[in-house]
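Asker: Knowing the structure of chain A, use the given hints to seat chains B, C and D on it.
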Amino acid sequence: MDLAATILVDGLIYAGWLFIVSVGLTLVFGVLNILNIAHGSLYAIGAYASASLVGAYFAAGGEAFPYGSYAALILAAVLVALVLGPLLERGLLRFFYGRDEVLNVLVTYAVFLILEDVMKLIWGVNPYFVYEPYTLLGDVEIGPLFYVGYDFAVIAAAIIVGLVVWLTLNHTQIGKVVLAVIHDSEMSQTMGVNVQRVYLGAFMAGAFLAALGGAMTAPMISVTPGLGVNVIIVAFAVVIIGGLGSVPGAAIGALMVGISRAASVHMLPEAELFIIYFVMAIVLLFRPEGLFAKTQARKI
Amino acid sequence: MGSNLIVSAIVALVVLAAGAVILPDWAMFLFAMALAKGLVCLGIVGMMRGGVVSFGQGLYYCLGAYTATLVANTFGVSDIFLLTLLSAAVCLLVGLAFGPLLSNYRGIFFAMLSLALSMVLYGSLSKMSFIGGTDGLNIAAPTFLGWAPEGRPLQAALYIYVVTIVVIAGTLMRLYFDSERGLLTLATRDNELRVEYLGASVRNIMTYNYVFGAVLGGIGGTIAALALGHVDPEFAFWTTSGEFVFVAILAGYLSVPAVIVAAIILELVRSFSNLYFPNTWQLALGIFLLAVIIALPNGLGSLVRRRKGNET
Amino acid sequence: MKKLNFKIGSVLGAMTLAIGLSGPASAQDDTFKIGVITFLSGQAAESFGVPAWNGGKLLVDMLNEGGKLPAPYDQKGFGGMNIEVVVVDEAGGATKQVQEFRNLVQREEVDAVVGYVSSGDCLAIPPVADELKAFTILYDCGTPRVFEDGSYEYVFRTAAHATMDNVSLARYLKSRNFDVPSFAGLNQDYAWGQDSWADFTGAMNQLYPDAEVKTALFPKFGAGQYGTEISALLREKPALVHSSNWGGDLQGFLIQATARGLHKRAQLALAAGDHVIPQLQDKMPDGIFLGARGVNGLAAYARGGELKELTDTMWEAYEAEYDTFPVQAPFRMWQAIFGLKTAIEKAMADNGGTKPTSEQLAAAMKGLEWDAPSGRIEMALAGGHQAIQPNAIGTTKWNADAGKMELVDVEYYDARCVNPPDGMKSQEWIAQGFPGAQCN
Amino acid sequence: MSKGVLEVLDVQKSFGAVTAAKDISVTVPEGAVYSLIGTNGAGKTTFVNMVTGYIKPDAGTINFAGRNIIGMAPRQITRMGIHRSFQIAQLCNELTVEENMLVADAIHGAKGPSFLQNAHNQDARARAIATLERFNIAEHRNRLIPELSGGVKKLLDIAMAMAGDTQIMLLDEPTSGVASDEKFPIMDLVMEALKSAGVTVIFVEHDMDIVTRYSERVLAFYDGRIIADDAPDEVLSDPEVQRYVTGAPA
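Residue numbers (the UniProt record's numbering), protein chains in the order written: chain A, 1 to 300; chain B, 1 to 312; chain C, 1 to 440; chain D, 1 to 250.
You may find that some hints are simply not true.
Claimed, not checked - PhoX-like cross-link-like pairs, simulated, lysine-lysine; straight-line CA separation at most 25 Å:
#1 C:Lys346 - C:Lys68
#2 C:Lys220 - C:Lys308
#3 D:Lys22 - D:Lys56
#4 C:Lys308 - B:Lys127
#5 C:Lys425 - C:Lys366
#6 C:Lys237 - C:Lys220
#7 C:Lys264 - C:Lys174
#8 B:Lys127 - C:Lys220
#9 C:Lys68 - A:Lys120
#10 C:Lys264 - C:Lys366
#11 C:Lys237 - A:Lys120
#12 C:Lys308 - C:Lys397
Said to hold, decoys possible - The following label-pair restraints were derived from C-beta to C-beta distances:
#13 B:Ser3 - D:Gly109: 21 to 27 Å
#14 A:Gly91 - C:Thr31: 25 to 31 Å
#15 C:Phe178 - A:Glu141: 35 to 41 Å
#16 C:Thr31 - B:Ile168: 56 to 62 Å
#17 C:Thr324 - A:Pro66: 24 to 30 Å
#18 B:Ser3 - D:Asp165: 32 to 38 Å
What the hints assert, rightly or not - What the simulated footprint calls covered on chain C by chain A, stretch by stretch (three residues with Cβ under 8 Å from a Cβ of chain A suffice, anywhere in the stretch; the number is not a length):
#19 212 to 218
#20 229 to 239
#21 252 to 266
Source of the hints: derived by calculation from the structure; they are not laboratory data.
We put the CB at the ideal spot given by N, CA and C, even for glycine.
Next comes chain A alone, as it looks inside the complex (with noise of 0.2 Å):
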């Protein structure tokens, strides 16, 4: 196969899964104005507890059905979420709102070292495998490469999830009140919108994200303490090359960084280490607020 083809093509498989894992981290940031270091954590929770659902669901019998285990996949997620979503934010976030946002991110990157040690209590430093769904959906075979059904898998749900926002966004109504929140928070609250609530929702829809992406990887590797922390930087370096708080931003920035990675390792594979700072330097250079950024023009 073509190289050019090759690349893109690996490049899109990473993209899908920068984009899964990073539109949660802009989300929150866009309405709760708080980078969230423990968006990590949430990802490596979203991975065990996959894992273990997914065994159990092969435990109680899924083999019959194996393709169920992609339910479980996103049950895992939204589990993740509908429990540790209210638990952060309405038990700890909250409480920081309108704090400085340098101080936010140490308030995560707390929130981040207690999960850390807390998977561990709950599942131990034994890794957890569940490769079932990763070889269900066969292979394809591209030219002389073979890649996983499950690859594309991938990028088909990272164009859903993409919709999905980006539709209930900007065409419903609750995305319209999301949007007022970001814009300005103070005074979508003085225009009656319940801002407690906003914050709630776009926090367990973050937490979902997060955790759909490592409930989606969690099948390719294997699951094991300190996954978190790798997610964190490249989810970082997209959502700033993005622009903070723009879903649009995390896509571009995910395509730039899958497609500049993927060239890197087939063409030069030394500077793949360097690859994702440079794309952010370079994007910040030109733009120092990412690419789109919500400009806010002062009035005086």
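Answerer: This is chains B, C and D only, laid out in the frame that chain A set:
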């Protein structure tokens, strides 16, 4: 004010230096490391006064440490004063190069761009296997103007050295914080537009704060490297920088001594939680962080120093 | 200003005083206290740290109980002394470890330190150990640089360094007449992966001078996703893919590589991969060339010979306790503890039976030889501070009837066949075509 | 042309489809007092922002002290002597009144702000308090900004802008946010201080009583253009101005 500051500095020097006699070996080392890191954090506090927080001070901590190590290993220089000066000079130059660039950024963008820079250094060093890659390098114990102590005297000398530097740097930074420039920094944090329309360059103010942070970071890194005897790219990793930010937030930007106390507290908490909860030390540390942020929203310094207009 | 500085001063003073007064009770003579440092969190916990300490704890308990092990290890504890352990997590980087090491020696007053999986930690600790005159055993880490770039009085490494792993792998290819027109590498992007790849390409250059290197991939440590790398490997079509990956990185790579059929198109050679077998089981494909960084795990179990009784005792105790078989990490911890026990007892025989000092321990350990489940360990390099040990490479084969992974076509290599002689750096030894290698 | 004259020539500015300034030309002689009137969005603040460098015009020239100042940063324009106040007083909320004044003083010191000289030094404090006294707000000197009334904030904002060598002062709605019974006393105070320093004044104002009482000349803005430029009585009786700006006969 001036003479009070000198008295305070002398008191701090005497109290801290007494540690060289009182402290057991392990604690003296822990304090020395905490003070070296405290220098880095002091630089962040300087930036915090201007309203930005660098999540990438590991860049200078690491740069200082590697400069000292490479100079020591290549040219056989072991004098601590010379090594400190050289590292500070290198960090000054790099700070002058990046300062004007970063001074255009605020808030989370400043934090993330500074983080990206330090991660690029981390990545580069990790790739350079001829200087040890991720495994890092060792550096021999320093000498003090020709004197080459060993054992406890070495540790005590290092400790006194870092105490002296911390007190000097703390005093200078206090002078700077209280100066006209220092007041401008606070004003910038508050209202950049106002400062710009009074005819001052906000970028210039930010650049100076950044460069001071770079130099302090380099000195801190040099001392840490000499105390540890080892450097590796972890010095520039984001979690290292995150720890510095934590100390700075814990201390707040009001009081200089609070920075030192905060650095020591963090080292103690980490060391003991490591020992008593080997499996859940991150949990313990996380809870400690949260407790501090909730209990002391303006930092430790707010316990002893409040901003008041007529305070002199 | 003055007032508040006094406040800070008094806080500091109080802290100083409190710390100064709270020293630990000094250790007793009938107890030997060791500090153990290994990964309890992070990615290396699951693969190395935790199984190693599971094995270590088991052995310490067996020793403290006494009489559980065959001779010469039938004496209780260390020379009759009870063994007490302080465990510290290795996660957090070399900076933290230097601090923790000082705390262990100066605050906890341990009699010896056994630890360190990470090569970075192994480089950082020895100068401090010598400064504090603290007897220290490096039990796991791989980098040859520890004793090739420095020399230390109180520091010993009881496991062979990593050069052996990749030299053995290349020798295995040669001795099995495997045709290697080309090869590629996928290694983690940090010193371990970079060094392993350098050793392997160096050894291949000697044994297969015509083999072409297709590509050398270095995904980020902990990357998890190898889709792009696997595409690159599929495109380049090397005859063999070398990887020194370990833990989650190796498991993730294997899951994704086998799903995309890489193992059918290229021979996989894993320098340190045995420890993922208990987790992957039949998901690990057949026919992989596999090393265990020593005659450890399945290779030790399959070896038999005069060490069979010792090996089986530990193997069965481990299986009974943890419901899985021991892989390389516990074997290395065992050889460290057996070595420490041998050294202590030798020192006590020389000093009239009192608890040995660090100096006496170091003297006893220098050039020591002892038996461990992983074979005969000889402190043969770096003036008796660096161990060499035999190695083994095998090929994976799933035994469906027993539901177990087996290692077939195992080749055992003498320690002196795959380790450089004393006084020669590993890289030079490889580059010069293994001078002085004794293979049979 | 005299040094202190502000000359604006054919300045244009649009934000997308919105025209904020069209063919703006005006010459303000040294020492004059001009006022700008117009409805919201008519282009008054845009004019102030262009002259002080906050917004860069699309075309045209703005000459001051022999230089075209278009493209210069606000701080450079400030350094040339064109100072301004703000519609919403721009103050440092975490500092006291006196410290705010010290900030302004430090910037305009002879050698520029010092790294070592204490900001609260005797000389600087004396100067700051003198300025505060001139604007009759010295009694508030130890209070923090959020505790102050709108009028005091406005006065402090203007007092800070007076630090250094002020040649032209642009006041953006000096009486907005000020209680109605305070408006005239504040304007009296401000105009007195500015005039005694010989400063050229350009102020934006909605209150026509203030416009007629304090300004020598009025510029009426509508839809980005200047529709009248004359003495207050002339402008306010202009039918176009009445139709588009004041809304009814004055």
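Asker: Of all the hints given earlier, name the ones this structure violates by number, lowest first.
Answerer: Violated hints (numbers, rising): 2, 4, 9, 10, 11, 14, 15 and 16; every other hint is consistent with the structure.
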